[in-house]
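Trainee: One letter stands for each residue in the lines below.
2 protein chains.
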Amino acid sequence: MQLFYTPDIEPTHPQYFLSEEESKHAIRVLRLETGSEVQLIDGKGGFYTAVIHDAHPKRTILNITSVTEGFNKRSHHLHIAVAPTKNIERLEWFLEKATEIGIDEVSLIISQRSERKEAKVDRLSKIITAAIKQSIKAYHPVLNEPVKLSELLSRPFDGQKFMAHCEPGKKLSLRNELILQSRYLILIGPEGDFTPTEIETALQNGFKPITLGESRLRTETAALEACFEVNFLNRI
Amino acid sequence: MQLFYTPDIEPTHPQYFLSEEESKHAIRVLRLETGSEVQLIDGKGGFYTAVIHDAHPKRTILNITSVTEGFNKRSHHLHIAVAPTKNIERLEWFLEKATEIGIDEVSLIISQRSERKEAKVDRLSKIITAAIKQSIKAYHPVLNEPVKLSELLSRPFDGQKFMAHCEPGKKLSLRNELILQSRYLILIGPEGDFTPTEIETALQNGFKPITLGESRLRTETAALEACFEVNFLNRI
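Each protein sequence line maps, in turn, to chains A and B.
In terms of UniProt numbering, the first sequence has 224 at position 224, counting the first letter as 1, and numbering is strictly consecutive.
In terms of UniProt numbering, the second sequence has 144 at position 144, counting the first letter as 1, and numbering is strictly consecutive.
Honestly, I wouldn't trust all of these hints.
Each pair may be met inside one copy or between any two copies, as identical chains are not told apart.
[Said to hold, decoys possible] Computed cross-link-like contacts, EDC-like style, restricted to lysine to aspartate or glutamate with a CA-CA straight-line distance of at most 20 Å: (1) 73 x 214; (2) 133 x 193; (3) 126 x 22; (4) 44 x 214; (5) 44 x 104.
If you're looking for bench data, these hints aren't it; they were derived computationally from the structure.
All chains should be built: construct the whole structure from the sequences, respecting the hints.
Mentor: Okay, structure coming up:
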């Protein structure tokens, strides 16, 4: 399967022109020819089958032969807000793995103990794009610009809100709390965890404290564990 | 907490001498002094507390003050046999994450479609050691030398045997099949999956075919998903 990510395609289009970069890749690297079948995903749930009409190395023309909208639409919406890791590769790894397993939205939070206060969303988003192509997903998870935790905590969210932390106190489990086929926002703290004040503010804003098990997990592992639990519990 | 991995310590020892390398790390890097408290793990379930008796930079002497055997002993035994990934970093990530989440034994399998036929177990084992220190685990997961799939399939195993594959055919789920608090061996194939013949041989040898969900997962993600599922299902 030769899959291209074409976010500007519309389901009504009878033809599509690959960009210069994708055309070069299709014709010069993959050596596709006129008549070859390819697949397109638009990142909004559209999955297209197309045939190469003109194998031009700079402006390949495709005839769309079929369109499926809402391809493998997910039953729930998962938004994970995670503090970027000091070593950015750990965050990149999380984005790749979460995309494979299933995620809808990621926010990067800047909290009091964050060691990294910024992250290049464009660059990180390319990792997500590569992962949806690899795992054949028609929906492109949204990666939001870094946001201060205090701002995120006070924003309205239509769904269940959770915060995973390691400070003492009563913790719930997603297994018991999750309302299936719903919308979830889960916060994962930085290497030094959230501060007691941040946790208190989150609880006041309706976030439920959760545990992700007895193991001491790194930030990116905790985020992936949350992603795994939500998808596993929602799997029929 | 200053944690050292000391596989040669015994629960009856009243004192312990750190190796030259660990002594240098303790005294020159961590700047620990006589009287400082440290922790030791032996990789076999022993968790020790000790006080520095002589802060010698080449031969630090510790007085053992308490010993806990079977520290955080797991309720089940998970052995994952996975084909080493073409890009070895992906296997390294799996080993680190599986150690954090919980695993007991890893085998590296060489199958017909394996792109990588060898792996340096010594080097990979150091990643596991770093991960048990980071996540404070007293048991060191065992990493076995690479083994041919055909050999592993015919070996006796006292527990449940599963094979995750993407070929057509009936698939079971761990959620329905797993006998809790038991022993498990789970096989994860290479980038190109197991061959139909390998799958057939596995089924004949009592391995049950399982699915890890609808997503197309990379080898290391599939192995980690299996690890997640087994630990999550066994969590009380």
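Trainee: Evaluate each hint against the coordinates.
Mentor: Taking the hints in turn, this is what the structure says about them:
no., hint, in the structure
1, 73 x 214, "between (33 Å within a copy, 12 Å between copies)"
2, 133 x 193, "between (33 Å within a copy, 18 Å between copies)"
3, 126 x 22, "within (14 Å within a copy, 41 Å between copies)"
4, 44 x 214, "between (37 Å within a copy, 19 Å between copies)"
5, 44 x 104, "within (11 Å within a copy, 41 Å between copies)"
When each numbered hint is compared with the structure, no violation occurs for any of them.
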